[in-house]
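Asks: Please put together the full structure from these sequences, using the hints given.
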Amino acid sequence: MTLSDSVRSWRTNHTFNIYGSRGLYRQHAREEKPGSGDLGGFYSDGEAHFFIEADYADLAYEDLAVKSMNYLAPIAYLNSISNEVPQWVETGVGQYFQDSRWHSARKIFVGEFPNRYSHREFVKGLASGKVFDPQRIMKSDSPLSTFDHYSAWAIVTYCMDSGDRTLKALFLKCIENSVEHKDAFRAFEGRASTLKKEVPAYIKSLEPPLITLEVEPYPMF
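Heads up, the sequence shown is in this note's numbering, so the first residue is 901 and it goes up one at a time.
It should be emphasised that the hints constitute simulated quantities derived from the structure, not laboratory data. Treat the hints with caution; some may be incorrect.
[To be verified] With a straight-line cut-off of 20 Å between C-alpha atoms, the simulated DMTMM-like cross-links for lysine to aspartate or glutamate are:
no. : residue 1 : residue 2
1   : Lys1104   : Asp1061
2   : Lys1082   : Glu984
3   : Lys933    : Glu947
Replies: In C-alpha coordinates, the structure reads:
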(Lines of atoms letter the chains of each structure in order from A and count residues from 1; the text may use other names and numbers.)
(Lines give C-alpha, C1' and ligand atoms only; values in the text may rest on other atoms or scores of the structure.)
Protein backbone atom coordinates (compact mmCIF):
# COMPACT_ATOMS: atom_id res chain seq x y z
CA MET A 1 0.00 0.00 0.00
CA THR A 2 1.27 3.50 -0.86
CA LEU A 3 0.17 6.75 0.72
CA SER A 4 -1.14 8.01 -2.59
CA ASP A 5 -1.69 6.48 -6.01
CA SER A 6 -0.03 9.52 -7.53
CA VAL A 7 3.16 9.26 -5.50
CA ARG A 8 5.99 7.78 -7.50
CA SER A 9 6.88 4.17 -6.91
CA TRP A 10 10.01 2.94 -5.15
CA ARG A 11 12.95 4.03 -7.29
CA THR A 12 16.07 3.15 -5.31
CA ASN A 13 17.38 0.13 -3.47
CA HIS A 14 17.46 0.14 0.31
CA THR A 15 19.24 -2.10 2.77
CA PHE A 16 17.59 -3.50 5.88
CA ASN A 17 20.12 -4.52 8.54
CA ILE A 18 18.75 -7.02 11.07
CA TYR A 19 20.93 -7.59 14.16
CA GLY A 20 20.77 -10.83 16.08
CA SER A 21 21.55 -9.15 19.39
CA ARG A 22 20.87 -5.83 21.03
CA GLY A 23 24.57 -5.46 21.84
CA LEU A 24 25.61 -5.55 18.18
CA TYR A 25 22.78 -3.21 17.28
CA ARG A 26 23.78 -0.68 19.93
CA GLN A 27 27.42 -0.81 18.90
CA HIS A 28 26.57 0.02 15.30
CA ALA A 29 23.99 2.60 16.36
CA ARG A 30 26.61 4.55 18.33
CA GLU A 31 28.81 4.70 15.24
CA GLU A 32 26.11 5.30 12.65
CA LYS A 33 23.61 7.53 14.44
CA PRO A 34 24.54 8.65 17.97
CA GLY A 35 21.60 8.66 20.35
CA SER A 36 19.74 5.89 18.54
CA GLY A 37 21.11 2.98 20.57
CA ASP A 38 18.03 2.87 22.80
CA LEU A 39 15.56 2.92 19.92
CA GLY A 40 13.87 -0.16 18.53
CA GLY A 41 15.21 0.77 15.11
CA PHE A 42 16.46 3.69 13.03
CA TYR A 43 16.89 4.77 9.41
CA SER A 44 20.03 6.45 8.09
CA ASP A 45 21.57 7.06 4.66
CA GLY A 46 19.34 4.66 2.79
CA GLU A 47 19.64 1.85 5.33
CA ALA A 48 17.25 0.65 8.02
CA HIS A 49 18.58 -0.98 11.19
CA PHE A 50 16.80 -2.99 13.89
CA PHE A 51 17.35 -6.02 16.11
CA ILE A 52 15.19 -9.05 16.86
CA GLU A 53 16.80 -10.43 19.99
CA ALA A 54 14.22 -11.80 22.45
CA ASP A 55 15.52 -9.82 25.43
CA TYR A 56 12.10 -8.85 26.69
CA ALA A 57 9.63 -11.42 27.91
CA ASP A 58 6.76 -8.95 27.44
CA LEU A 59 6.93 -8.96 23.66
CA ALA A 60 8.01 -11.83 21.41
CA TYR A 61 10.91 -10.94 19.14
CA GLU A 62 8.83 -11.85 16.09
CA ASP A 63 6.28 -9.20 17.04
CA LEU A 64 9.01 -6.65 17.68
CA ALA A 65 10.59 -7.42 14.31
CA VAL A 66 7.28 -6.98 12.48
CA LYS A 67 6.55 -3.69 14.22
CA SER A 68 10.06 -2.44 13.48
CA MET A 69 9.64 -3.37 9.82
CA ASN A 70 6.19 -1.75 9.69
CA TYR A 71 7.78 1.41 11.08
CA LEU A 72 10.96 1.48 9.00
CA ALA A 73 9.61 0.35 5.61
CA PRO A 74 7.43 3.43 4.96
CA ILE A 75 10.30 5.67 6.09
CA ALA A 76 12.57 3.94 3.58
CA TYR A 77 9.87 4.46 0.94
CA LEU A 78 9.60 8.17 1.69
CA ASN A 79 13.35 8.56 1.42
CA SER A 80 13.32 6.65 -1.87
CA ILE A 81 11.18 9.36 -3.47
CA SER A 82 12.83 12.38 -1.85
CA ASN A 83 15.94 13.40 0.06
CA GLU A 84 14.07 16.25 1.73
CA VAL A 85 11.46 14.46 3.85
CA PRO A 86 10.93 16.38 7.13
CA GLN A 87 11.73 14.33 10.23
CA TRP A 88 8.23 14.80 11.62
CA VAL A 89 6.78 13.30 8.44
CA GLU A 90 9.20 10.35 8.62
CA THR A 91 8.38 9.39 12.18
CA GLY A 92 4.68 10.26 11.90
CA VAL A 93 4.14 8.11 8.82
CA GLY A 94 6.32 5.35 10.28
CA GLN A 95 4.19 5.12 13.40
CA TYR A 96 0.99 5.37 11.39
CA PHE A 97 1.97 2.16 9.59
CA GLN A 98 3.65 0.54 12.61
CA ASP A 99 0.56 -1.00 14.15
CA SER A 100 -0.88 -2.22 10.84
CA ARG A 101 -2.88 -5.45 10.91
CA TRP A 102 -1.52 -8.15 8.63
CA HIS A 103 -4.26 -10.55 7.49
CA SER A 104 -2.16 -12.34 4.89
CA ALA A 105 1.05 -11.88 2.94
CA ARG A 106 -0.84 -9.66 0.50
CA LYS A 107 -3.51 -8.07 2.67
CA ILE A 108 -2.83 -5.38 5.24
CA PHE A 109 -5.14 -2.92 6.99
CA VAL A 110 -3.63 0.48 7.79
CA GLY A 111 -5.39 2.97 10.04
CA GLU A 112 -7.98 0.41 11.12
CA PHE A 113 -7.12 1.30 14.72
CA PRO A 114 -4.81 4.01 16.07
CA ASN A 115 -1.29 2.92 16.97
CA ARG A 116 -1.91 1.69 20.51
CA TYR A 117 1.49 2.70 21.92
CA SER A 118 1.66 6.09 20.22
CA HIS A 119 -1.91 6.83 21.27
CA ARG A 120 -1.16 5.98 24.88
CA GLU A 121 2.08 7.97 25.03
CA PHE A 122 0.63 11.04 23.33
CA VAL A 123 -2.38 11.19 25.65
CA LYS A 124 -0.16 10.47 28.65
CA GLY A 125 2.17 13.30 27.62
CA LEU A 126 -0.67 15.78 27.33
CA ALA A 127 -1.98 14.75 30.76
CA SER A 128 1.45 15.32 32.28
CA GLY A 129 1.66 18.86 30.91
CA LYS A 130 3.64 18.31 27.71
CA VAL A 131 3.03 21.03 25.13
CA PHE A 132 1.78 20.00 21.70
CA ASP A 133 3.25 22.54 19.28
CA PRO A 134 2.91 21.57 15.60
CA GLN A 135 4.68 24.69 14.35
CA ARG A 136 7.79 24.00 16.44
CA ILE A 137 7.80 20.35 15.41
CA MET A 138 7.50 21.18 11.72
CA LYS A 139 10.26 23.78 11.78
CA SER A 140 12.69 21.94 14.06
CA ASP A 141 16.16 21.14 12.72
CA SER A 142 17.13 19.40 15.96
CA PRO A 143 16.28 15.78 16.84
CA LEU A 144 12.69 15.51 18.01
CA SER A 145 11.96 14.80 21.65
CA THR A 146 10.19 11.60 22.63
CA PHE A 147 6.87 13.41 23.00
CA ASP A 148 7.37 15.18 19.67
CA HIS A 149 7.74 11.80 17.98
CA TYR A 150 4.32 10.82 19.26
CA SER A 151 2.99 14.27 18.38
CA ALA A 152 4.10 13.71 14.79
CA TRP A 153 2.13 10.46 14.79
CA ALA A 154 -0.91 12.36 16.09
CA ILE A 155 -0.64 14.90 13.26
CA VAL A 156 -0.37 12.24 10.55
CA THR A 157 -3.20 10.19 12.06
CA TYR A 158 -5.43 13.26 12.14
CA CYS A 159 -4.60 14.06 8.52
CA MET A 160 -5.28 10.52 7.32
CA ASP A 161 -8.23 9.43 9.46
CA SER A 162 -10.18 12.43 10.78
CA GLY A 163 -12.39 12.70 7.72
CA ASP A 164 -11.04 16.10 6.67
CA ARG A 165 -10.63 15.36 2.95
CA THR A 166 -9.08 18.75 2.16
CA LEU A 167 -6.39 18.31 4.80
CA LYS A 168 -5.68 14.73 3.74
CA ALA A 169 -5.36 15.78 0.10
CA LEU A 170 -2.98 18.59 1.08
CA PHE A 171 -0.81 16.24 3.15
CA LEU A 172 -0.58 13.66 0.36
CA LYS A 173 0.08 16.38 -2.20
CA CYS A 174 2.99 17.64 -0.10
CA ILE A 175 4.45 14.13 -0.10
CA GLU A 176 4.04 13.95 -3.87
CA ASN A 177 5.61 17.38 -4.36
CA SER A 178 8.57 16.51 -2.15
CA VAL A 179 9.85 14.41 -5.06
CA GLU A 180 10.83 17.61 -6.85
CA HIS A 181 10.61 20.41 -4.32
CA LYS A 182 12.76 20.85 -1.20
CA ASP A 183 10.18 22.93 0.68
CA ALA A 184 7.11 20.96 -0.34
CA PHE A 185 5.70 20.89 3.20
CA ARG A 186 5.86 24.64 3.66
CA ALA A 187 2.28 24.83 2.39
CA PHE A 188 1.23 22.40 5.11
CA GLU A 189 2.91 24.43 7.86
CA GLY A 190 0.24 27.09 7.41
CA ARG A 191 -2.22 24.72 9.11
CA ALA A 192 -0.13 24.48 12.30
CA SER A 193 -2.25 26.82 14.41
CA THR A 194 -5.44 24.95 13.52
CA LEU A 195 -3.82 21.58 14.13
CA LYS A 196 -2.70 22.70 17.58
CA LYS A 197 -6.34 22.75 18.69
CA GLU A 198 -7.90 20.06 16.55
CA VAL A 199 -5.35 17.22 16.80
CA PRO A 200 -5.40 16.72 20.62
CA ALA A 201 -9.19 16.84 20.67
CA TYR A 202 -9.41 14.24 17.91
CA ILE A 203 -6.85 11.86 19.42
CA LYS A 204 -8.51 12.08 22.83
CA SER A 205 -11.86 11.22 21.23
CA LEU A 206 -10.53 7.93 19.86
CA GLU A 207 -11.36 4.80 21.79
CA PRO A 208 -8.09 3.60 23.35
CA PRO A 209 -7.04 0.34 21.66
CA LEU A 210 -6.88 -2.67 23.96
CA ILE A 211 -3.42 -3.27 25.40
CA THR A 212 -3.05 -6.62 27.14
CA LEU A 213 0.65 -6.38 28.01
CA GLU A 214 1.39 -5.72 31.66
CA VAL A 215 4.89 -4.48 30.87
CA GLU A 216 5.49 -1.96 28.11
CA PRO A 217 7.22 -3.35 25.00
CA TYR A 218 10.64 -2.15 23.91
CA PRO A 219 10.11 1.46 22.77
CA MET A 220 10.77 2.84 19.31
CA PHE A 221 11.78 6.19 20.84
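Asks: Please go over all the hints and tell whether each is borne out by the structure.
Replies: Going down the list of hints, with the structure as the test:
1. Lys1104 - Asp1061: It holds: about 14 Å lies between the C-alpha atoms, which stays within 20 Å.
2. Lys1082 - Glu984: 6 Å, holds
3. Lys933 - Glu947: Satisfied, since the Cα-Cα distance of roughly 11 Å is no more than 20 Å.
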